[in-house]
Amino acid sequence: MKARVTVTLKSGVLDPQGKAIEGALHSLGVDGITSVRQGKVFDIEIDGSDAEAAKAALAAASEKLLANMVVENYRVEIL
Amino acid sequence: MKAAIVLFPGSNREGDAARALRQAGAETNIVWHAEHDLPAGTDLVVLPGGFSYGDYLRCGAIAGRAHVMDAVRRHAARGGFVLGICNGFQILCESGLLPGVLMRNRDLRFLCKRQHLRVERNDTAFTRAYALHQAIDVAIAHGEGNYEAHEETIRQLEGEGRVAFRYCDPNGLVGDAANPNGSTNHIAGIYSEKFNVLGMMPHPENLIDPLVGGIDGRGLFESLIRAA
Chain F
1 MKARVTVTLK SGVLDPQGKA IEGALHSLGV DGITSVRQGK VFDIEIDGSD AEAAKAALAA
61 ASEKLLANMV VENYRVEIL
Chain P
1 MKAAIVLFPG SNREGDAARA LRQAGAETNI VWHAEHDLPA GTDLVVLPGG FSYGDYLRCG
61 AIAGRAHVMD AVRRHAARGG FVLGICNGFQ ILCESGLLPG VLMRNRDLRF LCKRQHLRVE
121 RNDTAFTRAY ALHQAIDVAI AHGEGNYEAH EETIRQLEGE GRVAFRYCDP NGLVGDAANP
181 NGSTNHIAGI YSEKFNVLGM MPHPENLIDP LVGGIDGRGL FESLIRAA
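As given, the protein sequences belong to chains F and P, one line each in that order. Residue numbers for the first sequence follow our numbering, beginning at 1 and rising by one. Residue numbers for the second sequence follow our numbering, beginning at 1 and rising by one.
Treat the hints with care, since some could be wrong.
As the list claims (entries may be wrong) - For each label pair, taking beta carbons as the anchor points, the in silico distance ranges come out as:
# : chain 1 : residue 1 : chain 2 : residue 2 : range
1 : F       : K55       : P       : R65       : 19 to 25 Å
2 : F       : A24       : P       : R65       : 30 to 36 Å
3 : P       : V212      : F       : T34       : 34 to 40 Å
4 : F       : E45       : P       : P9        : 23 to 29 Å
5 : F       : K19       : P       : R78       : 40 to 46 Å
6 : P       : L132      : F       : D47       : 54 to 60 Å
7 : F       : L79       : P       : A34       : 31 to 37 Å
8 : F       : S11       : P       : R109      : 22 to 28 Å
What the hints assert, rightly or not - Output of the computed footprint for chain F on chain P, the stretches with three or more beta carbons under 8 Å from beta carbons of chain F:
#  : stretch
9  : 55-62
10 : 122-129
11 : 147-159
Hint data in this document are derived by calculation from the structure and do not stem from the laboratory. All of these numbers come straight from a predicted model, not from anything done at the bench. Glycine residues also receive a C-beta, built at the ideal position from the N, C-alpha and C atoms.
Given these sequences and hints, build the entire structure.
Set out below in structure tokens:
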């Protein structure tokens with residue numbers, strides 16, 4: 001089974017990298033960008049065919065390691 | 001005083017930490033991260049600076065979950081001393097031994113320079129050799145040193161007097177102008193609830209020899225020797 005975990009900064013947490021990217025997009029003349037927040041994507045292969053069990057395992061993976069719950073949120077998708 | 005310096009793949013300041021500790025009179029052991037136990041009789045664990053696991057995922061994230069950290073947690077729970085410097089501070093935050101997180105520096109630059117710190121209290125095992133509010137001249141070398149935590153956590157740290165050091169100018173003045181990385185309340189280092197764990201971004205071990213321009217870092221190691 002293939003899954004994707006997306007980790008993003010919680011709202012309100014300053015994201016200087018996102019700000020720098022936002023500035024670079026403006027300087028490249030890409031119009032209409034009002035805000036950029038940078039995150040991380042993990043493409044994961046997981047054994048078995050039980051989507052609920054996989055979601056639970058990936059939630060554990062996210063909370064134990066992939067995301068720092070102080071400043072980040074995560075989202076699990078089974079693809 | 002018996003000190004165990006934990007070596008992770010990518011740590012690179014263990015030699016300097018060992019030199020500073022030996023100069024102060026400690027016996028030092030290097031402990032590989034895959035160990036499950038600390039050497040018997042360890043008084044102090046040092047998590048040195050560097051780039052454990054290449055800063056992959058987040059600084060200190062993978063090291064913070066290494067086997068040896070269970071032993072470090074048990075040591076801290078017994079009241080043993082733990083000192084995390086730079087990447088070591090990041091590892092302490094990621095392992096849950098200290099609250100909060102070290103975010104990318106406000107101006108996105110890796111900073112490598114001399115930096116003054118104000119000693120916020122001198123009644124702990126780590127700071128007895130300093131004067132209260134002394135401005136010590138040490139060094140910083142980090143890209144992710146911007147300390148952040150929940151508002152409530154910051155209130156708690158401040159309320160319990162758990163801020164160890166704040167960034168300041170050479171006169172001891174704390175403020176935005178002296179804060180290199182944008183850290184909340186100019187925090188450079190914090191203590192655990194029982195004041196036996198200290199995490200700090202700056203490097204006191206860099207300034208222990210007049211040959212490199214200063215010895216203000218010695219006080220921290222001398223304090224620990226007296227405490228053990």
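Comparing the hints with the structure gives:
1. F:K55 to P:R65: 19 to 25 Å: Because 22 Å falls inside the window, the suggested range holds.
2. F:A24 to P:R65: 30 to 36 Å: The hinted range 30 to 36 Å holds for F:A24 and P:R65, with Cβ atoms some 34 Å apart.
3. P:V212 to F:T34: 34 to 40 Å: With Cβ atoms ~48 Å apart, the hint is violated.
4. F:E45 to P:P9: 23 to 29 Å: holds (25 Å)
5. F:K19 to P:R78: 40 to 46 Å: Holds, at about 44 Å.
6. P:L132 to F:D47: 54 to 60 Å: holds (58 Å)
7. F:L79 to P:A34: 31 to 37 Å: holds (34 Å)
8. F:S11 to P:R109: 22 to 28 Å: holds (25 Å)
9. 55-62: holds (count 4)
10. 122-129: Contact hint for the stretch 122-129 of chain P vs chain F: violated, 0 residues under 8 Å.
11. 147-159: holds (count 3)
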